[in-house]
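Spelled out from the first residue to the last, the chains are:
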Amino acid sequence: MAAQGRHGGKKSNKMTALVVDDNTVNRMIHHRLLDNLGIENVAVVNGKEAVDIHCSGKTFDLILMDMDMPVMNGIEATRQLREMGIRSMIAGVSTRSMEREIREFIEAGLDDYQEKPLTMSKLISIIHKING
Amino acid sequence: MAIAALKTQRRNLVQSMFDEGVLDNQFNQLQDLQDSSNPNFVEEVISLFCNDAERIITELNRYLNDQNVDFSKLDSYVHQLKGSSSSIGAYRLKLACVNLRQASEERNMEECAGAFNSIRREYYVVRSKLQVLIQLERHIVNLENQQ
Chain A
1 MAAQGRHGGK
11 KSNKMTALVV
21 DDNTVNRMIH
31 HRLLDNLGIE
41 NVAVVNGKEA
51 VDIHCSGKTF
61 DLILMDMDMP
71 VMNGIEATRQ
81 LREMGIRSMI
91 AGVSTRSMER
101 EIREFIEAGL
111 DDYQEKPLTM
121 SKLISIIHKI
131 NG
Chain B
1 MAIAALKTQR
11 RNLVQSMFDE
21 GVLDNQFNQL
31 QDLQDSSNPN
41 FVEEVISLFC
51 NDAERIITEL
61 NRYLNDQNVD
71 FSKLDSYVHQ
81 LKGSSSSIGA
91 YRLKLACVNL
101 RQASEERNME
111 ECAGAFNSIR
121 REYYVVRSKL
131 QVLIQLERHI
141 VNLENQQ
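Heads up: the protein sequence lines correspond to chains A and B, in order. According to our numbering, the first sequence is numbered sequentially starting from 1. According to our numbering, the second sequence is numbered sequentially starting from 1.
Think of the hints as simulated: they come from the structure by calculation, not from any bench. Using N, Cα and C, we set each Cβ at its ideal position, and we do this for glycine too. Hints are not guaranteed to be accurate.
As the list claims (entries may be wrong) - Quick list of simulated restraints, FRET-style, between CB atoms:
no., chain 1, residue 1, chain 2, residue 2, range
1, B, V132, A, E99, 34 to 44 Å
2, A, E104, B, Q9, 31 to 41 Å
3, A, M84, B, E20, 46 to 56 Å
4, A, N13, B, M109, 49 to 59 Å
5, A, S97, B, Q9, 34 to 44 Å
6, B, R107, A, G38, 42 to 52 Å
As the list claims (entries may be wrong) - One side only, chain A facing chain B, incomplete, derived with CB under 10 Å:
no., residue
7, N26
8, D35
9, D61
10, T119
11, M120
What the hints assert, rightly or not - In silico DSBU-like cross-links for lysine-lysine, where the CA-CA straight-line distance does not exceed 30 Å:
no., chain 1, residue 1, chain 2, residue 2
12, A, K48, B, K73
13, A, K129, B, K7
14, A, K14, A, K122
15, A, K14, A, K58
16, B, K129, B, K7
17, A, K129, A, K58
Let the sequences and hints guide you as you build the complete structure.
Written out as structure tokens, the structure is:
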């Protein structure tokens, strides 16, 4: 399922993803899930780092955004990324179950929301949304 | 054949952990992520989880024994442990975390103490069973490699 790199070119047509989560176990699992699907990915530990990495000029096809994080949470990070003009697919992942909280997260600019823990099938359903 | 017997033992151990609610289906997700390119993935995640969990349990113990309990700090740590437990499929430990969060929200110190003891107990149960599982896995792999 891994995309083949373009012949002779520096640029790979592999999908890229950013994992934003303050939990080390979650970061490891999300990284592996993405790796298994052939998706190049990096991880940061809070919303501020997610914003900063975009300020440095990097973009990603997919952002997996946790909600509760120190320094800057997922809601604020999503808002800021959208204000910066980032159009990547942002999928919120959280353990929150209250409708009001999930709605606030979605209204910040999410394209999708999945309840944790993330599984392979949930990740695949997110990716299908990117591909249309 | 030794390998077959060990595999049966491993299967039975995992099944008993599911039956007792020590593990839930999320653990299967973890096992599915392990393959020949990442043959130690489950062990690595469990190791990371245990280090993290022990650090958090130490902090929780410290905060609960303070004169003036900082419930917000407590909540933040329990949230972390709940998240990790849920991600590896440690079902009963996750429930114990939910109970502590509830008790903490209600500022009920007695309930907090009880819930924290449950967390400690459930953590040691899941850790010891997972350690046995890891040992079995290693033994099986060693025997398979010798063949």
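Here is how each hint holds up against the structure:
1. The given range of 34 to 44 Å is respected by V132 of chain B and E99 of chain A, whose C-beta atoms sit roughly 41 Å from each other.
2. Roughly 48 Å separates the CB atoms of E104 of chain A and Q9 of chain B, a value that falls outside the hinted 31 to 41 Å.
3. Look at M84 of chain A against E20 of chain B: about 49 Å separates their beta carbons, and that is inside 46 to 56 Å.
4. For the pair N13 of chain A and M109 of chain B, the supplied restraint of 49 to 59 Å holds, since their beta-carbon distance comes to about 57 Å.
5. At about 38 Å, the beta-carbon gap between S97 of chain A and Q9 of chain B stays in the expected band of 34 to 44 Å.
6. At about 49 Å, the CB distance of R107 of chain B to G38 of chain A agrees with the hint of 42 to 52 Å.
7. Because the beta carbon of N26 of chain A sits about 5 Å from the nearest beta carbon in chain B, less than 10 Å, this interface hint is met.
8. Taking 10 Å as the C-beta contact cut-off toward chain B, the hint placing D35 of chain A at the interface holds, the least distance being around 8 Å.
9. For the restraint placing D61 of chain A at the interface with chain B, the shortest Cβ-Cβ distance is roughly 21 Å, beyond the 10 Å limit, so the hint is violated.
10. A least Cβ separation of about 5 Å between T119 of chain A and chain B falls short of the 10 Å threshold, and the interface hint therefore holds.
11. Interface restraint check: M120 of chain A against chain B, minimum CB-CB distance 7 Å, threshold 10 Å, status holds.
12. For the given pair, K48 of chain A sits about 21 Å from K73 of chain B by alpha-carbon distance, which is consistent with the 30 Å threshold.
13. Proposed proximity of K129 of chain A and K7 of chain B is contradicted: the alpha carbons are some 40 Å apart, above 30 Å.
14. Between the alpha carbons of K14 of chain A and K122 of chain A the distance comes to roughly 20 Å, so the proposed pair stays at or under 30 Å and holds.
15. At most 30 Å may separate the alpha-carbon atoms for a hinted pair to count; K14 of chain A and K58 of chain A meet this at roughly 15 Å.
16. Between K129 of chain B and K7 of chain B the CA atoms are separated by roughly 15 Å; this keeps the pair inside 30 Å, and the hint holds.
17. With a C-alpha separation of about 22 Å, the suggested pair K129 of chain A and K58 of chain A falls inside the 30 Å cut-off, and the hint holds.
The structure shown violates the earlier hints numbered 2, 9, 13.
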